[in-house]
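*Asks:* Chain A is fixed; fit chain B onto it per the hints.
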Amino acid sequence: MEPKVINQTICRSAKSGRWRYGETSHFSQKQGCGNNWAHGFCVHGPRHRDVVEELVRREVERCDRLAGLMAMMSVAGGTGSGVGAYITRYLRDVYPKSFILNHLTWPYGTGEVIVQNYNSVLTLAHLYHHSDAILVHENDTVHRICSQLLNIKHISFTDVNRVIAHQLGSILQPALTTDSNGIYSRNPLGELVGSLACHPEYKLLSVSTIPQMPSSSIAYSTFSWPGLLKHLRQMLISNSKMEECIDWQVQLPSASERTRTLLGSSFNTSLANLLILRGKDVYSAETGSFEDPALYSSWLSPEEAFNVWKSPVIFNKYEKSATLVSNSKALLRPLDNMLGKAWNMFASRAYIHQYVKFGISEEDFLDSFTFLEQVISSYNQL
Amino acid sequence: MTQSVVVQVGQCGNQVGCRFWDLALREHAHVNKKGVYDEALSSFFRNVDLRRNDGGSCGVGGKIENLKARAVLVDMEEGVVNEILQGPLREVFDSTQFLTDVSGSGNNWAVGHMTYGSAYREQIVDKLRKTAEHCDCLQCFFLIHSMGGGTGSGLGTRVLSMLEEEFPEVCRIVTSIYPSAEDDVITSPYNSILAMKELTEHADCVLPIENQALVHIVNKIKHMSHCGKPGSVIKTDTTVMSGQGGLSRAEKPFDTMNNIVANLLLNITSSARFEGSLNMDLNEIAMNLVPFPRMHYLVPSLTPLYTLADVSVPPRRLDQMFSDAFSKDHQLIRADPKHSLYLACALMVRGNVQVSDLRRNIERLKPSLPFVSWNQEGWKTSLCSVPPVGHSHSLLALANNTCVKPTFIGLRERFTKLYRKKAHLHHYLHVDGMEQSYFTEAVSCLNSLIEEYDHLDATKGRLMPDAPRFSIAR
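So the protein lines, in turn, are chains A and B.
Just so we're aligned: the first sequence equals residues 1 to 382 in full-length UniProt numbering.
Just so we're aligned: the second sequence equals residues 1 to 474 in full-length UniProt numbering.
Chain A with its partners taken away, still in its complex shape:
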């Protein structure tokens, strides 16, 4: 809802010389939503709905075959969260048969915006009804990847965004899936949603990629599929988003510390997993370790819960790279924390008058809280 960032983005993309945004495919207003979800959802959303719908329709009409819509937004602010939630609901009405994937960026736990927890709760509760799947990146996690794996001393948002873009790219670049019969899949969003978000109460997806290292080190590293997959599986089980300080030149120790947590209570059960392999010798990669029934919940068989996509084209200079998109308990703790903090603030009714001013009542808050408690309870049951 304000022009600075869009102007910057369009300039920067045009400067690269290789691609740019269309001249008319953007929309901005003069004044933002002031970090106020209610302002975005109740005021700006409806006001600008028609213009945005027109822009989306123009792009959709240019497609031969619409695979789906992906909305990218943050949950802490006002526009991304409020207007984003409104637009998602509206697009669901206009395109009822298309897949809608929302990519969300969750803010730092130590606070970027004071009312971020309110905005996040309201956004998630509303999106859950209309979106097919919600792919989440947390700023805290990506920041740690930048500092510990990529060794960046002064991390800027450009670095953080680059990591997120790498992970998204490794999911959405063309791949050969089980349904695509030997050609690159024409329906990546649909297959993603179909394989992972099989139950309406379980829509939260998280991503891990391996390897992630500073580009200067790539030339000196060798990768092997068994090694990569073993680490990725361990990352899934122990719910860590990155491999920590492992030297790729050395043989991995066979009984690492973390294997022992396999049967412990911090074991991360998954509902479904999607493994995407890109690079050399991808057909020889042995993915059987991901089909272990112990990884999954009891009511879905591993054959249905686990899918693999492959592509022989290397991605972003990594000779071999593996990405795991999982619908698991990984996001349970951050979600729980966020809900707890929002509830504490709500109990003292702080900042509520700012939301009521624009049309969101206390009942709306209570509804969102109840709904998310339900989601947390469902994930706990996995």
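Because the hints were derived from the structure by calculation, they are not lab data.
Incorrect hints may appear among the rest.
Said to hold, decoys possible - Straight line, CA to CA, 27 angstroms or less: simulated DSS-like cross-link-like pairs of lysine-lysine:
1. A:280 - A:317
2. A:15 - B:34
3. B:33 - A:4
4. A:4 - A:15
5. A:30 - A:357
6. A:30 - A:15
7. B:33 - B:197
8. B:197 - A:357
9. B:63 - A:15
10. B:127 - B:197
11. B:460 - B:338
12. A:30 - B:130
13. A:15 - B:33
14. B:460 - B:328
15. B:366 - B:328
16. B:338 - B:366
17. A:230 - A:310
18. A:30 - B:34
19. B:220 - B:328
20. A:4 - B:63
21. B:197 - B:421
22. A:30 - A:4
23. B:63 - A:30
24. A:30 - B:127
25. A:30 - B:33
26. A:153 - B:366
27. B:34 - A:4
28. B:422 - B:460
29. A:280 - A:310
30. A:153 - A:317
31. B:222 - B:328
32. B:366 - B:460
33. B:460 - B:421
34. B:197 - B:422
*Replies:* Then chain B, alone, in the frame of chain A:
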């Protein structure tokens, strides 16, 4: 890009406002080397081509012809405004932006609020509306005034309620200069308390500033520059109180103190004017820092106050800047926020600072700052890439903190001392429209505000249990 209008009322308001425009021009001249009228300039200035017939406003993107400030200047005596009109800033204002009278308010809130408020209501609203019409998208009114006098305090608060009536959707940020205990105006407690009621009810945010704190800061800088320690030579032109490079040459008394306030205003709007990796608009200030409608008093603190002439800037200086922002020497009122309870805090960083430095410092300082139990991570951050003139980076912290309570209590005590004896009361009651009930209402309003802060203070240090959450029946 949004625009803001500055309304300066009274002698203090106009003098501070004057320094603000001077520094704003200096900052934009520093950043804008090409002479193009860009979006950043348009937030405070209009570009007017006087040769055109239609009133002359030019759009963004053209060459700078004549810059006119988006301001309304109000004073009930002519001295200060005449000085501005004869000084080097006369080109920046045009005659339709002034409103003056001859005799002044005599340090009497009632005269300012009632007499002049009613007499000049139409004219003031007219001027405000004209200024607002020149704006594409008006986001905020900045009101600058003092609390101790008659015009700034009385007429200023009347203008505030006019702004609320005529432009209810536009944010109102008020910079109020509170009188110190040894103020030379005897009736300043009366004026301040009467004005406080209006501020509590009609303003969106108030930035209270005390003269005492400004004097303290000025003395600290002077001490630093004269103490002659090796390595402590201050780079000229970088102190927050220096106006060098601006239009006005001679520095008058109060100029140094006013410069600090002007810098405050520049830094608050910097993220809305210039680009950065994490922008913060002015309406976000009110949204994030005001949890309850009446508790909107935000204590400002500015760092660094000066830059040493030492060229090497190790990262330790950056961390020092963050620590200083919370020390009681840098606050613009006499208060110690570290020992009171924080409700919320905003950090507005300018210059070459990355998000990792910001997060590192927040994590470092958090354990020593007491936050209210339901807002343990109550930080709002913004990063603007354009640093202020003379510094490589700077930080403005706005804290909604219960440390304003002692200031208000002190004000109330001084008020009670006079009110008990009914001293000077007749001057006020003689004014048409003024009654004794105004005084009692104003005091009770202040009392309830202090009580609200008390309630929150009582929770400080106590481990508040988390509110029980919903449990889902299965």
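*Asks:* If a hint holds in the structure, say so; if it does not, say that too.
*Replies:* Here is what the structure says about each hint:
1. A:280 - A:317: holds (12 angstroms)
2. A:15 - B:34: holds (21 angstroms)
3. B:33 - A:4: holds (20 angstroms)
4. A:4 - A:15: holds (17 angstroms)
5. A:30 - A:357: holds (21 angstroms)
6. A:30 - A:15: holds (24 angstroms)
7. B:33 - B:197: Not satisfied, since the Cα-Cα distance of roughly 45 angstroms exceeds 27 angstroms.
8. B:197 - A:357: holds (22 angstroms)
9. B:63 - A:15: Holds: residue 63 of chain B and residue 15 of chain A sit about 25 angstroms apart, inside 27 angstroms.
10. B:127 - B:197: holds (25 angstroms)
11. B:460 - B:338: This hinted pair holds, its Cα atoms lying about 12 angstroms apart.
12. A:30 - B:130: holds (20 angstroms)
13. A:15 - B:33: holds (22 angstroms)
14. B:460 - B:328: holds (19 angstroms)
15. B:366 - B:328: holds (16 angstroms)
16. B:338 - B:366: holds (11 angstroms)
17. A:230 - A:310: holds (17 angstroms)
18. A:30 - B:34: Judged against 27 angstroms, a Cα distance of about 24 angstroms means the pair holds.
19. B:220 - B:328: holds (13 angstroms)
20. A:4 - B:63: holds (21 angstroms)
21. B:197 - B:421: holds (22 angstroms)
22. A:30 - A:4: holds (9 angstroms)
23. B:63 - A:30: holds (22 angstroms)
24. A:30 - B:127: holds (24 angstroms)
25. A:30 - B:33: Holds, because 25 angstroms separates the two Cα atoms, which is no more than 27 angstroms.
26. A:153 - B:366: Cα-Cα ~22 angstroms, so holds.
27. B:34 - A:4: Between residue 34 of chain B and residue 4 of chain A the Cα gap is close to 20 angstroms, so the pair holds against 27 angstroms.
28. B:422 - B:460: Since the Cα atoms of residue 422 of chain B and residue 460 of chain B sit roughly 38 angstroms apart, the hinted pair is violated (cutoff 27 angstroms).
29. A:280 - A:310: Satisfied, since the Cα-Cα distance of roughly 10 angstroms is no more than 27 angstroms.
30. A:153 - A:317: The hint holds at about 22 angstroms.
31. B:222 - B:328: holds (18 angstroms)
32. B:366 - B:460: The hint holds at about 15 angstroms.
33. B:460 - B:421: violated (37 angstroms)
34. B:197 - B:422: Within the cut-off at roughly 20 angstroms; holds.
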